[in-house]
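Undergrad: Here is how the chains run, residue by residue.
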Amino acid sequence: MNESKYRPPSSTSVFLDTSIFISSHRYGFKKTIKGTLKGFQWCGTASYAMLEYGNNILPLAFYYYTNLKETGDLDKTADFIFHRLFSKKSKNFRDPHQKRRQWFFSILRDSFGKDDALRRAKASLRLLLRVGTAYIRKYCDHVHDGIKCAYASQEVGPEKRWKRPSKANCEIDKFFVGKQKLFGSFRDAILRAPSSQFTMQLSDIADLVDKASHDPMILRDCKMCPRMADALIAAESEGYGSFFTQNFKESDVLCPALRQTLLYLSQDPDQPVATRYTP
Amino acid sequence: MKAREFDLTAEPDEQQPQHITDVNQRQLRIVAEKETRSGGRGAANLESSLGPRTGDEPDQSSPSEHRDLALRGSRQNTGHILRACVKAVEDILSNADDPVEQGNAFLELNDNLADLWSRSKGQEPQFEEFVNLIHCLILKTSPGDLDDQEWKAIATVLDKASYARPMNDDQVAEYVAILAKAGCDVFRELR
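Chains B and L, in that order, are what the protein sequence lines are.
Going by my numbering, the first residue of the first sequence is number 1, and it counts up by one from there.
Going by my numbering, the first residue of the second sequence is number 1, and it counts up by one from there.
Reference listing, derived: stretches of chain B covered by chain L, where coverage requires no fewer than 3 residues with Cβ under 8 Å from a Cβ of chain L:
(1) 21-34
(2) 104-113
(3) 122-131
What the hints contain is simulated information worked out from the structure, not anything from laboratory work.
Quick caveat, the model's predicted, so the values are computed rather than measured.
For every residue, glycine included, the Cβ atom is placed at its ideal position computed from N, Cα and C.
With the sequences and hints as input, model every part of the structure.
TA: As structure tokens, this is what we get:
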């Protein structure tokens with residue numbers, strides 16, 4: 001497939017980062033996302049976003065679904081998962097961001113009797129699992145798949161658990177070689193960035209670009225490529241006029257290298273989308 | 001498409017709707033009566049090979065035909081209700097300046113969706129999930145909480161669904177995407 005014909009005029013196109021799809025399941029963000037996308041005629045994303053969405057949302061949905069089936073009680077499941085996620089043993093303890101991983105099924109519990117609410121909660125989770133990463137594929141006009149990760153479009157369902165990548169089955173090395181110049185410009189932008197903008201992810205990207213320039217095969221390691229995630233998605237977005245994300249720190253450094261307008265969706269759903277133009 | 005299969009010997013469970021269970025029970029009774037009258041399965045077969053019986057004619061159609069008929073009938077009914085839902089959404093849209101008419105159309109939609117939900121038990125799980133998805137979009141809302149684009153998306157998927165029975169994974173994924181693209185708050189019930 002000729003990828004270039006899927007690159008629309010930059011001024012009317014927007015590229016969506018994984019964080020946008022994940023936040024579309026959080027309270028209050030839907031309207032803001034919709035309002036932002038209204039201004040564009042073409043919306044694209046990367047298959048890597050499908051992978052990240054799968055890694056974040058689908059195991060959680062499967063965990064809830066399995067627990068609902070075992071306990072047969074919505075309240076018990078919600079309490080159980082709350083305590084598991086926020087127990088002192090859990091790494092989520094005291095991490096306020098992990099609260100977004102909690103589901104309470106409030107509308108169902110308020111609107112229906114216990115049995116009906118349970119049946120509906122199971123139906124919702126089943127649907128989320130059944131739709132899987134197709135949610136992203138169908139949401140966007142095009143999904144760019146330069147990395148060709150076999151895990152990104154894996155089939156999942158109520159009985160089929162999402163498999164996290166463990167054995168490289170992709171063409172990430174070829175993708176890197178094809179866009180080596182761009183990755184080099186990412187590294188340069190990171191090294192030029194003031195220390196206040198520096199993050200662990202950006203440091204990892206600069207380090208891995210250096211190493212992969214000598215041996216691209218090192219990227220064919222499922223523990224390695226998540227460290228490059230932001231750069232991989234940014235590289236797929238080349239040619240798009242705008243990049244819509246919730247990861248401000250990394251994108252603020254990478255977008256200028258692509259001459260993109262950064263659209264930042266705040267963690268607070270009441271805040272409007274911030275726009276940063278690349279001169 | 002793979003045909004639905006039901007195990008006649010299975011206990012009725014939550015996957016099996018009442019009307020299917022009724023058909024199963026009736027078929028089991030017919031088989032039992034046949035065997036009692038004719039002295040066992042072999043005799044029943046011999047009897048049927050000699051030609052049709054006169055008088056009290058037992059149902060000659062197979063249990064699977066019965067189940068298919070029941071399921072088809074049930075799907076036809078849900079198709080009608082889905083189209084009634086489309087009509088209700090159209091009324092919500094066309095009565096934007098009449099809160100009473102709009103409110104009544106909204107109640108009509110809610111009632112129809114509740115009816116569909118009660119009928120969805122035992123049909124393909126995708127259908128049950130779809131009905132729940134749509135119903136949850138309007139729970140604890142009023143007609144004005146959704147904009148025209150969202151209502152139109154709901155009407156579109158309801159209309160598509162009314163002709164797409166049985167529903168498959170790909171169709172239901174497409175419906176979710178249509179709703180999400182229009183800005184509908186899909187999966188809000190999880191929160």
